[in-house]
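Peer 1: The lines below spell out each chain.
Number of protein chains: 2
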Amino acid sequence: MEYSEIIDIFEKHDRFLILTHKSPDGDTLGSGFALCYFLRDMGKQANVVNSDGFPDRYDFMYVDYTEQDFEPEYIIAVDVADPTLLGSGLLKYQQEGAVDLCIDHHVSNKHFAKLTHVEGGIAAAAQILYCIFKHSGRKITDIIAKCLYTGIATDTGCFKYENTTPSTHIAAAELMAYDIDFANVNRRMFDVKSKGRIKIEQIVTGRMEYYLGDRCAMIAITRELMQSCGVAEAEFDGLASIPLSAEGVVLGITIKQRHTNVYKISVRTTDEMDASVFCGYFGGGGHIRAAGCEIHGTLEEVKAQLLERAGQVL
Amino acid sequence: MEYSEIIDIFEKHDRFLILTHKSPDGDTLGSGFALCYFLRDMGKQANVVNSDGFPDRYDFMYVDYTEQDFEPEYIIAVDVADPTLLGSGLLKYQQEGAVDLCIDHHVSNKHFAKLTHVEGGIAAAAQILYCIFKHSGRKITDIIAKCLYTGIATDTGCFKYENTTPSTHIAAAELMAYDIDFANVNRRMFDVKSKGRIKIEQIVTGRMEYYLGDRCAMIAITRELMQSCGVAEAEFDGLASIPLSAEGVVLGITIKQRHTNVYKISVRTTDEMDASVFCGYFGGGGHIRAAGCEIHGTLEEVKAQLLERAGQVL
Numbered sequence: 001m002e003y004s005e006i007i008d009i010f011e012k013h014d015r016f017l018i019l020t021h022k023s024p025d026g027d028t029l030g031s032g033f034a035l036c037y038f039l040r041d042m043g044k045q046a047n048v049v050n051s052d053g054f055p056d057r058y059d060f061m062y063v064d065y066t067e068q069d070f071e072p073e074y075i076i077a078v079d080v081a082d083p084t085l086l087g088s089g090l091l092k093y094q095q096e097g098a099v100d101l102c103i104d105h106h107v108s109n110k111h112f113a114k115l116t117h118v119e120g121g122i123a124a125a126a127q128i129l130y131c132i133f134k135h136s137g138r139k140i141t142d143i144i145a146k147c148l149y150t151g152i153a154t155d156t157g158c159f160k161y162e163n164t165t166p167s168t169h170i171a172a173a174e175l176m177a178y179d180i181d182f183a184n185v186n187r188r189m190f191d192v193k194s195k196g197r198i199k200i201e202q203i204v205t206g207r208m209e210y211y212l213g214d215r216c217a218m219i220a221i222t223r224e225l226m227q228s229c230g231v232a233e234a235e236f237d238g239l240a241s242i243p244l245s246a247e248g249v250v251l252g253i254t255i256k257q258r259h260t261n262v263y264k265i266s267v268r269t270t271d272e273m274d275a276s277v278f279c280g281y282f283g284g285g286g287h288i289r290a291a292g293c294e295i296h297g298t299l300e301e302v303k304a305q306l307l308e309r310a311g312q313v314l
Numbered sequence: 001m002e003y004s005e006i007i008d009i010f011e012k013h014d015r016f017l018i019l020t021h022k023s024p025d026g027d028t029l030g031s032g033f034a035l036c037y038f039l040r041d042m043g044k045q046a047n048v049v050n051s052d053g054f055p056d057r058y059d060f061m062y063v064d065y066t067e068q069d070f071e072p073e074y075i076i077a078v079d080v081a082d083p084t085l086l087g088s089g090l091l092k093y094q095q096e097g098a099v100d101l102c103i104d105h106h107v108s109n110k111h112f113a114k115l116t117h118v119e120g121g122i123a124a125a126a127q128i129l130y131c132i133f134k135h136s137g138r139k140i141t142d143i144i145a146k147c148l149y150t151g152i153a154t155d156t157g158c159f160k161y162e163n164t165t166p167s168t169h170i171a172a173a174e175l176m177a178y179d180i181d182f183a184n185v186n187r188r189m190f191d192v193k194s195k196g197r198i199k200i201e202q203i204v205t206g207r208m209e210y211y212l213g214d215r216c217a218m219i220a221i222t223r224e225l226m227q228s229c230g231v232a233e234a235e236f237d238g239l240a241s242i243p244l245s246a247e248g249v250v251l252g253i254t255i256k257q258r259h260t261n262v263y264k265i266s267v268r269t270t271d272e273m274d275a276s277v278f279c280g281y282f283g284g285g286g287h288i289r290a291a292g293c294e295i296h297g298t299l300e301e302v303k304a305q306l307l308e309r310a311g312q313v314l
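Taken in sequence, the protein lines are chains A and B. So in the numbering used here, the last spot in the first sequence is 314, and the numbers never skip. So in the numbering used here, the last spot in the second sequence is 314, and the numbers never skip.
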């Protein structure tokens, strides 16, 4: 779609509902709230919803947000590649034809909405929204700029990852012209951890095991460990990058217990290995640097299977 | 100085020695090697030196570098604010008049060289060199771009810190047009740690103490701990950011033992507190967010003094 067609849609309708994906991250929330504030500044009614609510972690984007009371007539999903990612709280929008427009940057987008605008080469949905807003010629306020910057920064690991492009940096340069206190945003997004999270990382890192000449590192998170830590289970998400942080490791494996004898495996690799091929061997899949699978058996059996395969491919 | 005056100097001389600061970081080395390669591409002779040698960590910048054999006639220091920072290995260049030109971004630069070019508002010395190189109209090769990107990325915490400006992002956008494999540079600079470092962080984090309603966090690194870890002492540098990484902490204190009853204190604060004022109370000083001091006494006495003062100011 052309940006002008999207702006026409904003102008033509009056009451918008903005859908964001479950387990919300900085990009879906940053995109959602930026769009909401932009539409409200156009004199429209607009709300943002999320199946899991809005986490405290990102509250600087919605500290002054209040829900408006109206019956939506136009539904927009942002950063949502697949309707199932809307989550159980937004089940009714997962039906065919329920979403009017989807704005996204995932090449894997399922084109489930009536209209879809996908730019696969763009680092963040927030960056696409920034281009649309600029194209409109309308004022971008400080809070909109802050939401957009947050979306871009979080989806690129603060401009660290491969998905960062020159246009990502240029968008950041322009957004810094607004009053966004980007250093504080980045501190909250990248440097601050809860006490519980610090404790978990400390325990898990202490138990990290190195194999195959230190080229493979492995952490195992059992249900027993999770319960004994006294920390909320959500804090155990996103530990999979830890094994690959050790120098020389090319294959990082995180084993997380789901039930008795059922383990979820998360694999991270450097450019020396294909994580999706490794996980494909166990019936899983994913991306070239990050993939997953599920293996049944005791922890010792699961480890042995993984290490046997790792030994074959390394 | 005008960029053209600096380029004139490059053109007028033939045999350059480039000095970088001790305990080298990505910016001094990135600036030094970028300048060295740029001068060699101009047909000049040029070498880089460092008091502490060139660490493996940054070897992607100098894997193909070989020292040239010549008698230098023009001495340039890069990213060096004070001659003492050249270190004991470059003692003879600390004398007055020994350095011909200093290119730096520290406002605190001591103007010790015959000519000094300082731009205090620029995030990295490498960013200044990039401007000079562009101004010359000469070709910037991939390895030069990679060195410059590394200097800029490392001095800004990958565009995370307050010193990042729009021009920093624009420089990064332009440098990404070269073949620099920036994602791999960033992985090495920001995500990878040695096994020893992982072990130390794990131990130190496990012993972190919280005080004053969790608004103050403290870690203590004793000589006994350093010796018992079996890890090189250099790996114990730069741990001072750990206490401030805990959510809600506004005052992070790191106590490191120098000798019996002599402790070096590193303080990090959020925008709620002035670290230099806190350390000034103990005869130290520094910046608003990062400062230090030295306190004598037993570890328990040192902790008690720090906590007493922290209780008064928090």
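Among the hints, a few may not be true.
Keeping only pairs whose Cα atoms sit at most 20 Å apart, straight-line, the calculated DMTMM-like set for lysine to aspartate or glutamate is [unchecked claim]: (1) K199(B) to D214(A); (2) K199(B) to D179(B); (3) K199(B) to E96(A); (4) K114(A) to D142(A).
Residues of chain B placed beyond 10 Å of chain A at every Cβ, according to the derived structure [unchecked claim]: (5) F54; (6) D64; (7) T141; (8) H169; (9) A172; (10) M176; (11) K193; (12) I198; (13) D214; (14) T270; (15) G285.
These are computed hints drawn from the structure, not numbers from a lab. On a predicted model such as this, the values are computed, not experimentally measured, just so you know. Cβ atoms here follow ideal geometry from the backbone N, Cα and C, with glycine treated the same way.
Peer 1: Compare the structure with each hint and give your call.
Peer 2: Status of the hints after comparison with the structure:
1. K199(B) to D214(A): Judged against 20 Å, a Cα distance of about 14 Å means the pair holds.
2. K199(B) to D179(B): Distance ~35 Å between K199(B) and D179(B) Cα, so the pair is violated.
3. K199(B) to E96(A): violated (51 Å)
4. K114(A) to D142(A): violated (31 Å)
5. F54: holds (17 Å)
6. D64: holds (20 Å)
7. T141: Its Cβ never comes within 10 Å of chain A, the nearest being 18 Å, so this holds.
8. H169: violated (4 Å)
9. A172: violated (5 Å)
10. M176: violated (5 Å)
11. K193: violated (6 Å)
12. I198: violated (6 Å)
13. D214: Given a closest Cβ separation of 7 Å, the condition is violated.
14. T270: violated (7 Å)
15. G285: holds (22 Å)
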